[in-house]
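Going line by line, the protein sequences match chains A and B.
According to numbering that gives the first Met the number 0, the first sequence is numbered sequentially starting from 0.
According to numbering that gives the first Met the number 0, the second sequence is numbered sequentially starting from 0.
No lab work stands behind these hints: they were computed from the structure.
If you're wondering where the values come from, they're calculated on a predicted model, not measured in any experiment.
From the three backbone atoms N, C-alpha and C, an ideal C-beta is built for every residue, glycine too.
Wrong hints could be hidden among the right ones.
[As the list claims (entries may be wrong)] A short list of chain B residues far from chain A (calculated; beta carbon distances all over 12 Å): (1) K5; (2) V39; (3) P41; (4) G77; (5) P103; (6) A106.
[What the hints assert, rightly or not] Quick list of in silico lysine to aspartate or glutamate cross-link-like pairs, EDC-like style, CA-CA up to 16 Å: (7) A:K75 to B:D2; (8) A:K159 to A:D132; (9) A:K75 to A:E154; (10) B:K108 to B:E8; (11) A:K106 to B:D59; (12) B:K3 to A:E162; (13) B:K3 to A:D140; (14) A:K167 to A:D140; (15) B:K5 to A:E154; (16) B:K109 to B:E8; (17) A:K75 to B:E8.
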Amino acid sequence: MPEVPRSTAPWWVWPLALFIVTFILGILAVLGGVGGGVLFVPIVGGFFPFNIDFVRGAGLLVALAGALAAGPGLLKRNLASIRLALPVALIASSAAIVGAMIGLALKPNVVNTLLGATILFIVAIMATAKKSDFPVVPQPDKLSQALGIMGIYREESIGKDVEWNVHKTPLGLALFVVIGIMAGMFGLGAGWANVPVLNLMMGAPLKISVATSKFLLSITDTSAAWVYLNQGAVLPMIVVPSLVGIMLGSMIGVKILAKAKPKAIKWMVIGLLLFAGLRSLLKGLGIWK
Amino acid sequence: MSDKTKASEEQIAYANVLNIGMWFGLALLIITFFVYISGVLPSYVPIDDLPKYWTMRVHDFNVALNAPTGWGWASLVGKGDYLNFIGIAILSGLTILCYLVILPILARKKDRAYVVIAIAEVLVLSLAASGLLKVGGH
Chain A
0 MPEVPRSTAP WWVWPLALFI VTFILGILAV LGGVGGGVLF VPIVGGFFPF NIDFVRGAGL
60 LVALAGALAA GPGLLKRNLA SIRLALPVAL IASSAAIVGA MIGLALKPNV VNTLLGATIL
120 FIVAIMATAK KSDFPVVPQP DKLSQALGIM GIYREESIGK DVEWNVHKTP LGLALFVVIG
180 IMAGMFGLGA GWANVPVLNL MMGAPLKISV ATSKFLLSIT DTSAAWVYLN QGAVLPMIVV
240 PSLVGIMLGS MIGVKILAKA KPKAIKWMVI GLLLFAGLRS LLKGLGIWK
Chain B
0 MSDKTKASEE QIAYANVLNI GMWFGLALLI ITFFVYISGV LPSYVPIDDL PKYWTMRVHD
60 FNVALNAPTG WGWASLVGKG DYLNFIGIAI LSGLTILCYL VILPILARKK DRAYVVIAIA
120 EVLVLSLAAS GLLKVGGH
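If we strip away everything but chain A, and leave its shape as in the complex, we get (with noise of 0.2 Å):
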């Protein structure tokens, strides 16, 4: 049975909406500091007439194209760690495949109720965590010293070479359980939550962090996107469109970076994810429809 509303518009009002809308996404995501996953699904799940399991899979794709496009150059200049990355990964990716599983027998007011409280729990992570950009590894763990977890990188701005290693590494592992289930059931990037256990928890430099992450997000929605394509939970006319328009949005972000104000923008995101993430709680409360 349809579960939303059918439109009565052309066809090809949808995806040019689509391409605008993920530009605009695009362009705020990098200026917001944030994926273009973790904006795409609440807004185009709460706004646009596709059922929520095609909007997950598309959302997915997004991400994965967004992160598979950064990793060359991350992995180039030594600030995304293959070593860091791979052990977090299979941990992540294993996850990703149960939490795609469970999102896709889910009924969708379920998905959506449960999307809505995790965008708001994100709203009020990206609002009051604090980064750290050397943060103090006192001791490296045991793990993390018998899978030689560490490394050098150049810090361009103060001139240095930065020696990083890690630690509580089992801990850290764990909660990637629990970041990959979330990531597959909901289609969403998980930067925002990669970010804080790699840097706050676990210790790794913040540029490394964000490196890793975004690469790491290449394996982890690798995983759940097979699993969304296998179900036939992918939809070339809602991929390609916002595939492309995120990743032309990106560019121009980039562009636009150096001239804007990113405080005022950071919290223009947050107030955009807040009202996603309400659209989307409401919406499988029934309360929005």
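Since the structure of chain A is provided, determine the placement of chain B on it from the hints.
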């Protein structure tokens, strides 16, 4: 950049494959999308009818249109809509290829823990890609 701050051999190898594969997959996806909307190839689901179906849950969509699941799309790439799945599958499968490329490097370095992790990841992603995992309950 000093030698100490340079990316490792496996990291560079991963990045190179990712870079080529990403642009190839993305370009192919955009080209096939224009083939799709231009109507050069017939679509499995007529484009004009799509708005009737994209509001449905995926399970209902599949039943209503007898749409394929798993790798069933591969037999329909002659249709404009399913042609797009080639680019999507390349983007989704690229990570597996990247892991396969770095595996021999990790093995040569006798980095046993990461060889095991990389093999496990290839198995996990291959399982996800296989179409063996079925989602129930609707």
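Quiz item: Since P103 (chain B) was said not to touch the interface, does its Cβ keep a gap of more than 12 Å from each Cβ of chain A?
Solution: holds, 15 Å
Quiz item: So is G77 (chain B) really clear of chain A, every C-beta pair being over 12 Å apart?
Solution: holds, 15 Å
Exercise. Take a quick look at V39 (chain B) and tell me if its Cβ sits farther than 12 Å from every Cβ on chain A, holds or violated.
Key: With a cut-off of 12 Å, V39 (chain B) remains clear of chain A, as the shortest Cβ separation is near 15 Å.
Quiz prompt | Outside-interface status for P41 (chain B) - nearest CB in chain A farther than 12 Å | solution = holds, 15 Å
Practice problem: Verify that the Cβ of A106 (chain B) lies farther than 12 Å from every Cβ atom of chain A, and report whether the claim holds or is violated. | Solution: Label holds. Min Cβ-Cβ 14 Å, cutoff 12 Å.
Quiz item: Can the restraint linking K3 (chain B) and D140 (chain A) be considered satisfied, given a maximum Cα separation of 16 Å?
Solution: violated, 22 Å
Quiz item: Keeping to a limit of 16 Å between CA atoms, is the pair of K75 (chain A) and D2 (chain B) held or broken?
Solution: Between K75 (chain A) and D2 (chain B) the Cα gap is close to 13 Å, so the pair holds against 16 Å.
Quiz item: Holds or violated: K3 (chain B) with E162 (chain A), Cα cutoff 16 Å?
Solution: The hint holds at about 10 Å.
Quiz item: Given the hinted pair K75 (chain A) and E154 (chain A), is their alpha-carbon gap at most 16 Å?
Solution: Holds, at about 15 Å.
Practice problem: Compute the least Cβ-Cβ separation between K5 (chain B) and chain A, then decide whether it is above 12 Å. | Solution: violated, 6 Å
Quiz item: Taking 16 Å as the top limit, are the C-alpha atoms of K109 (chain B) and E8 (chain B) close enough?
Solution: holds, 14 Å
Exercise. Mind checking the alpha carbons of K167 (chain A) and D140 (chain A) for me, to see if they're no more than 16 Å apart?
Key: Answer holds: K167 (chain A) to D140 (chain A) is near 6 Å, not above 16 Å.
Hints 1, 13, counting from the list given before, are not met by this structure.
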